[in-house]
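The lines below spell out each chain.
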Amino acid sequence: MNARYGMVIDLDRCTGCGACMVACASENNVPSIPQATPRTGLTPMLVRRVSNEMEGSARREVFIPITCMHCERETPCVSVCPQQAVEVDKATGIVMQMPQRCLGCRYCMTACPYHARYFNWWDPAWPAGMEKSLNPGVAVRMRGVVEKCNMCHARLHSAKAKAAAAGRREIDPADYVPACAEACPTAAIRFGNLADQNDPVSQEAHSPDAFRFLTRLGTEPKLYYKSKEAWVRALAESTSANAEVKHG
Amino acid sequence: MKVTRRDLLLWGAAGAAGLAITPVPWKLLDDVSIWSQNWPWIPQPTHGPVEVKQSFCTLCPNGCGMRVRMAAGWPVGIAGVASHPITRGALCPLGYGAHQLNWHPQRLRTVRHRTNSSSWEEARAAFAKACGEGPIAIIDGYPGRAASSVFESFAQKRGSYRAVLGPEMQALSPYEMWSGVPAAGLGYDLENAQTVVSFGAPLLDGWGTPGRFTRLWAERAAGSTDPQLRLIQVEPSFSGTAPSRTATRAWQWVPIHAGAEAALAAGLARVLLDEHLVSVSARGPMPPITLAEAADETGLSIGAIADLARTMVARPPVLVIANDGNPAIAALNVVLGAAGAPGGIVRRAKHTESYASAAADIGSARAVLIDSTVPWNFAPPTNAEVFRFAAWDGGSCTADWLLPAPGFLEELTDVPTSPASAIATYAVAPTLLKAPPGVQSAAQFLFLSGIDPTLMPVEKIIHARCADLFRERAGTLQGQDTTPVAKFASVQKLEEQLWKGAVWIGEPPRSAAFRCALKEWPATARSAQSMSSSSMNWSKAWRAPVLPPLASKLYQESSLREAPEGRNA
Amino acid sequence: MASTTFTDTRWIARGEERTSLPQFLLWLAPWAVVLALGVYAAGLCLYYGLNQTNMDNRFAFGLWIFLDLGIIALGAGAFFTGFLVYILKRAELQPILNTAVVVGFICYSGAVAILMVDVGQPLRAWFTFWHPNTHSMLTEVTFCISCYLLVLCLEYVPILLRNRQLRKLPSFLVFEHQLHKLVPVLAGVGTLLSFFHQGSLGGLYGVLRGRPFAFREGFLIWPSTFFLFILSAIASGPSFLMLVTAAVEKVTRRRLVPPELFQRLGFISGVLLAIYIAAKSIDTLIWLNFTSPSVGFAPWQYYNYKPFGLPILFAEIVLFGLLPAFLLTYRRSAKRRGLLLSAAALACVGILLNRFVLTVQTLALPTLAFDEFLHYTPSWQEVASFGGVIGYGVIGYSLSYRYLPLFANPKGDDPHVSGD
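Chains as they are written, first to last, in our numbering: chain G, 1 to 248; chain C, 1 to 569; chain F, 1 to 420.
Just so you know, the hints here were simulated from the structure itself, not pulled from any lab data. Mixed in with the good hints, there may be bad ones.
What the hints assert, rightly or not - Taking lysine-lysine and the DSS-like style, the derived pairs with C-alpha atoms no more than 30 Å apart in a straight line are:
#, chain 1, residue 1, chain 2, residue 2
1, F, K168, C, K2
2, G, K132, C, K434
3, C, K53, G, K162
4, C, K519, C, K350
5, C, K2, G, K132
6, G, K132, C, K500
Stated by the list, open to error - For each label pair, taking beta carbons as the anchor points, the in silico distance ranges come out as:
#, chain 1, residue 1, chain 2, residue 2, range
7, C, D30, G, A234, 49 to 57 Å
8, C, D226, G, P34, 43 to 51 Å
9, F, E372, G, K228, 41 to 49 Å
10, C, A359, G, K228, 41 to 49 Å
11, F, T134, C, Q228, 55 to 63 Å
12, C, G12, G, P38, 29 to 37 Å
13, F, W130, C, G12, 18 to 26 Å
14, G, H206, C, Q228, 21 to 29 Å
15, G, A161, C, T398, 48 to 56 Å
From a predicted model like this one, the values you see are computed outputs, not experimental measurements. Ideal Cβ positions, reconstructed from N, Cα and C, are used throughout, including at glycine.
With the hints as extra help, turn the sequences into a complete structure.
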């Protein structure tokens with residue numbers, strides 16, 4: 001039975017610490033780039049800070065971890081890549097990026113409404129000797145290619161290898177947890193199989209407080225967010241309740 | 001034979017067609033594609049046998065449990081330990097990049113004397129000379145370790161021992177003054193509190209052990225309008241600077257004027273006492289301030305202060321947490337009856353010692369020895385010769401001697417109870433990596449100097465402590481399973497578990513274990529810390545001289561956090 | 001007396017007058033500097049990587065893509081003129097045909113050169129041919145533009161072979177004759193290829209369901225922008241050709257084509273422009289009232305950010321659309337050369353503005369509720385690289401004009417027929 005791996009991210013629990021961002025970069029051999037800015041950085045997991053724009057004690061903030069939503073329907077990036085360097089893995093629902101095939105045309109980056117894709121504007125470099133700290137399961141990318149979250153696919157491989165060694169066909173769910181979900185100190189990021197009705201994540205995705213971003217675009221993202229605060233849920237669609245003009 | 005144009009064309013076309021059905025062009029294309037996919041200058045990960053080892057992070061006194069994934073003997077990934085009783089699998093955000101620290105370009109590998117290169121022999125000679133000429137002050141950033149007892153033994157005969165205390169411990173010093181119980185024996189019983197009022201302490205981002213309060217808050221409070229754990233954050237609001245995460249995610253944020261914490265604490269105590277909102281047995285002294293004065297200084301209305309006081313006691317137990325040693329806030333806890341009660345300030349250990357704060361005057365020390373655990377920006381105001389141990393050079397060093405200490409996971413050490421914990425814990429962090437040649441810890445340095453022959457090596461002290469634990473037969477060991485200490489057959493078995501990453505947990509705190517005697521409301525100055533707009537968070541709580549390289553994801557490659565000032569990343 | 005040593009008259013067609021070689025080199029010199037600077041800037045980007053540009057993760061497409069789309073649209077005169085002359089048998093456009101091919105060749109080769117610098121891994125560009133994605137508009141664009149560049153080369157070669165010295169080689173003469181027979185076929189193939197790639201360039205944006213500002217519905221698999229791009233390209237192509245020819249006439253101080261040709265080109269351009277504006281207006285109304293709201297985006301969300309307000313839409317449709325369409329088709333204005341050329345320029349600017357809006361404004365606009373409106377300014381390397389293409393274009397055209405018979409002999413003789 002094909003899995004549909006997704007997440008439920010409880011925004012009420014996220015404190016914006018950034019552990020998921022660092023753990024993701026560590027797991028996926030993302031280099032630290034001294035010359036990068038927030039617009040050219042490599043952050044496959046990125047926590048956005050959003051406030052309700054009120055002053056004084058009424059001010060509230062929410063921290064929103066944004067990463068690839070692994071869209072299920074007419075996945076925007078998959079349909080636009082000229083050389084099929086992105087595809088949806090039917091067995092897992094994971095949108096897989098192949099940096100080795102990527103030409104670096106960045107068309108997929110314009111297609112993604114969630115801004116979840118990042119380009120290697122520089123060659124990756126680590127201080128002398130630090131490459132020994134690279135994760136052996138993950139290929140290091142070169143400059144000029146696009147990268148994004150791939151649900152820590154190397155961990156899925158390890159889980160499958162472990163299951164195969166034990167003679168099992170199905171992996172043990174506890175063996176496959178992406179770095180961000182594992183690192184989150186408040187268990188705000190929960191990972192699971194949306195196709196499995198018994199999976200608590202699958203059940204949470206149907207709770208009344210759960211929502212997804214920009215569902216009206218029809219991309220069917222597999223990352224669900226959850227909040228009991230109405231102003232946070234109102235961020236789901238593009239028109240924010242506060243119709244102020246914002247300048248970048 | 002004349003070769004005509006026709007022949008050329010014929011042979012050319014036939015040749016091209018023939019070539020197309022050989023593997024040659026396809027193989028060449030394949031090779032070109034592989035070549036363009038694997039540039040030789042791109043670093044490759046080490047491949048080798050992968051194993052997961054357990055240890056503890058010793059970069060700050062919280063001592064979080066850590067699983068380290070190692071490939072070919074090098075650390076390639078960090079994760080928390082879910083079974084750890086305090087951290088419950090959490091680490092601070094920067095900890096996930098700590099495994100790269102040992103290769104940081106600012107790693108110290110040679111002894112430096114002022115601006116010149118030097119050697120351990122010369123450093124030892126200078127230190128021996130200093131010992132002969134006057135008292136030595138030893139500054140420890142991580143008190144309670146086996147290494148700390150080496151420092152204390154040495155300092156007993158030859159000078160003074162001081163500890164750098166974080167805000168969690170500093171906030172406990174008023175209770176030490178009033179009860180006689182050392183602050184190191186006290187903790188915050190957050191697990192049993194239902195209302196927590198923080199005066200500027202970044203409880204959700206950089207206070208105490210990373211997973212502890214945030215997990216409690218996430219499970220009991222997050223998102224709820226009527227939470228089981230009410231977090232009230234008292235924090236000044238500065239225009240142009242975003243309020244802290246704790247303020248904007250708390251159940252209530254009380255913005256006051258900067259430096260008015262003591263006034264608010266006094267005002268709240270007045271309301272609590274005037275309106276008999278606290279039980280008679282717990283009553284403390286009346287603060288010498290009127291509500292109007294408190295309102296004036298804090299910027300809140302009288303009604304707001306009264307409402308806050310009533311809200312505070314609406315769901316007891318209530319615990320007030322300060323972010324520094326402000327006695328007014330501690331006095332508020334005494335008034336509330338939280339000092340020495342469940343859900344408040346509790347006593348977690350029977351025998352502990354009192355630490356002299358490093359912030360106090362060094363006095364007439366001839367030399368100062370600063371351990372590598374002391375925060376980089378701590379510079380004692382002294383003309384004495386400074387021997388600074390550190391694994392990394394944080395820049396702008398004013399020390400006379402810069403001595404390279406072991407880095408991350410490179411030395412055996414033990415992990416005493418973390419500063420804010422409500423229960424006593426003990427663990428051992430084994431060495432996972434071989435330290436590079438030429439590094440030495442401060443404790444080793446003192447031991448090897450031979451100046452005090454009664455000093456014991458750190459390893460021996462740790463074994464002695466384990467033997468003490470075994471002998472006392474108290475507490476449990478939490479590893480793969482939870483086992484009472486009494487059940488262990490030998491000290492070797494106990495040590496085996498500890499070396500594998502198990503944590504010893506002491507008995508739960510007894511509520512009537514300490515009492516504060518406070519006759520008069522303490523006189524206080526305005527809180528200096530909150531006068532600046534830079535609030536504490538995990539980036540400021542990070543103790544090591546340099547940030548892990550991946551910290552750039554938080555400050556520079558995104559706008560999630562502001563870069564910490566004075567850091568030479 | 002002309003200096004006999006430093007001269008290249010033997011390369012110039014007999015009977016044609018060209019300026020002296022030193023004068024010509026003087027004309028080329030500044031353009032060569034611009035080209036050299038462009039090559040240097042492009043070299044920096046190839047060597048150090050795309051961090052030399054000011055593009056970033058939010059502005060993944062920048063100046064280069066905008067200008068690429070722009071010059072491909074303006075270079076559409078190449079295929080369209082061929083189509084009109086060989087398929088629709090409009091012989092009055094024959095004099096402009098060679099210029100159209102040269103301009104087209106320059107535009108397309110320049111665009112492809114810039115694209116090779118714009119991609120992160122140019123050596124993998126051929127992967128598109130190896131692993132094509134049939135769903136992607138960009139695959140279609142890659143195939144068709146590559147093939148069309150080949151067609152343009154084949155159309156350019158005969159012109160090249162008509163050079164005085166090259167004609168002396170009999171095999172070249174024969175080859176050129178053979179190729180000449182192929183030209184109608186090439187024109188037909190070129191039209192087909194151009195139809196598709198001009199359209200697919202529009203399709204690039206129209207299929208972006210993640211960017212409601214650009215997303216359009218359409219006919220079968222093709223969004224409306226597919227057809228709008230074709231229309232705008234064939235509307236601007238003749239205008240651009242007119243401007244190039246007028247510029248060449250000005251610089252060489254000669255009358256190279258019959259004056260009625262300008263008006264004819266203008267008329268064709270104007271009519272097509274009017275059709276394009278009508279189609280675009282209908283499309284905009286449908287988009288603003290149905291397509292965009294259906295995906296949750298209200299029109300005011302696009303036009304509330306200074307300086308990208310409604311004035312840009314107004315400019316595209318009225319100032320650079322209806323106005324030049326009128327001026328180009330209305331006989332009394334079309335008769336006046338100055339007005340005609342201004343109208344042609346307005347038309348070209350309008351098409352460039354449309355490409356800019358779709359490339360840059362699309363990416364500047366927020367999609368998530370908490371996004372901000374972003375700004376982007378190209379770096380000097382980006383500007384210089386593109387300047388290099390312009391330098392290349394001027395030099396290429398100047399060389400073609402000097403050594404090749406681009407225009408029919410003013411006396412009316414077809415230089416193709418004359419002796420050597």
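Structure-based check of each hint:
1. K168(F) to K2(C): Cα-Cα ~24 Å, so holds.
2. K132(G) to K434(C): holds (14 Å)
3. K53(C) to K162(G): Holds. K53(C) to K162(G) sits at ~18 Å (cutoff 30 Å).
4. K519(C) to K350(C): Holds: K519(C) and K350(C) sit about 25 Å apart, inside 30 Å.
5. K2(C) to K132(G): Violated, at roughly 66 Å.
6. K132(G) to K500(C): holds (24 Å)
7. D30(C) to A234(G): 49 to 57 Å: holds (53 Å)
8. D226(C) to P34(G): 43 to 51 Å: holds (47 Å)
9. E372(F) to K228(G): 41 to 49 Å: Given a distance of about 27 Å, which is not inside 41 to 49 Å, the answer is violated.
10. A359(C) to K228(G): 41 to 49 Å: holds (43 Å)
11. T134(F) to Q228(C): 55 to 63 Å: holds (56 Å)
12. G12(C) to P38(G): 29 to 37 Å: violated (57 Å)
13. W130(F) to G12(C): 18 to 26 Å: Given about 25 Å between the Cβ atoms, the range holds.
14. H206(G) to Q228(C): 21 to 29 Å: holds (25 Å)
15. A161(G) to T398(C): 48 to 56 Å: holds (53 Å)
In this structure, the hints that do not hold are numbers 5, 9, 12, in rising order.
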